[in-house]
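J.: In the UniProt record's numbering, the protein residues as written are 1 to 86.
Source of the hints: derived by calculation from the structure; they are not laboratory data. Do not take every clue at face value.
As the list claims (entries may be wrong) - With a straight-line cut-off of 27 Å between C-alpha atoms, the simulated DSS-like cross-links for lysine-lysine are:
id, residue 1, residue 2
1, Lys21, Lys71
2, Lys54, Lys5
3, Lys5, Lys66
Stated by the list, open to error - Across the chosen pairs, the derived CB separations fall in these ranges:
id, residue 1, residue 2, range
4, Asn25, Ala83, 11 to 21 Å
5, Asp50, Ala82, 13 to 23 Å
6, Leu34, Asp9, 11 to 21 Å
7, Gly86, Asn20, 15 to 25 Å
8, Lys38, Lys71, 12 to 22 Å
9, Ser26, Gly86, 12 to 22 Å
10, Gly86, Glu19, 31 to 41 Å
11, Gly86, Lys21, 33 to 43 Å
12, Ala42, Gly86, 30 to 40 Å
13, Leu49, Met1, 18 to 28 Å
14, Ala83, Glu19, 25 to 35 Å
Beta carbons: idealized from backbone N, C-alpha and C, even for Gly.
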Amino acid sequence: MNNEKMINDLKEIITPYTENKEALNSITEQTDFLVDLKINSANLVDIILDIEEKFNIEIDNDSMAKMLNVKATIAIIQEKLAANAG
């Protein structure tokens with residue numbers, strides 16, 4: 001799955017949780033969930049649960065702690081998808 005598709009999927013998941021709709025419209029790999037999108041940590045957990053459901057993966061606590069921006073989140077999703085495929 002390419003990064004552009006992954007960003008669009010993430011954008012769809014993140015939309016209900018973000019306070020900053022303008023930043024959401026210009027989301028990039030560098031976008032930080034807490035700083036740029038003003039997502040609180042409780043909602044970040046909801047986003048991770050939604051990601052697990054959408055991609056049919058399980059995200060451990062160590063990986064979850066790293067998922068603070070789009071680039072790190074994509075890397076972890078791809079890593080978990082690859083592990084499931086293997």
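J.: Taking the hints in turn, state whether each one holds.
T.: Comparing the hints with the structure gives:
{"no.": "1", "hint": "Lys21 - Lys71", "verdict": "19 Å, holds"}
{"no.": "2", "hint": "Lys54 - Lys5", "verdict": "13 Å, holds"}
{"no.": "3", "hint": "Lys5 - Lys66", "verdict": "21 Å, holds"}
{"no.": "4", "hint": "Asn25 - Ala83: 11 to 21 Å", "verdict": "32 Å, violated"}
{"no.": "5", "hint": "Asp50 - Ala82: 13 to 23 Å", "verdict": "20 Å, holds"}
{"no.": "6", "hint": "Leu34 - Asp9: 11 to 21 Å", "verdict": "20 Å, holds"}
{"no.": "7", "hint": "Gly86 - Asn20: 15 to 25 Å", "verdict": "37 Å, violated"}
{"no.": "8", "hint": "Lys38 - Lys71: 12 to 22 Å", "verdict": "19 Å, holds"}
{"no.": "9", "hint": "Ser26 - Gly86: 12 to 22 Å", "verdict": "35 Å, violated"}
{"no.": "10", "hint": "Gly86 - Glu19: 31 to 41 Å", "verdict": "38 Å, holds"}
{"no.": "11", "hint": "Gly86 - Lys21: 33 to 43 Å", "verdict": "38 Å, holds"}
{"no.": "12", "hint": "Ala42 - Gly86: 30 to 40 Å", "verdict": "33 Å, holds"}
{"no.": "13", "hint": "Leu49 - Met1: 18 to 28 Å", "verdict": "20 Å, holds"}
{"no.": "14", "hint": "Ala83 - Glu19: 25 to 35 Å", "verdict": "33 Å, holds"}
In terms of the numbered hints stated before, the structure departs from hints 4, 7 and 9, listed from lowest to highest.
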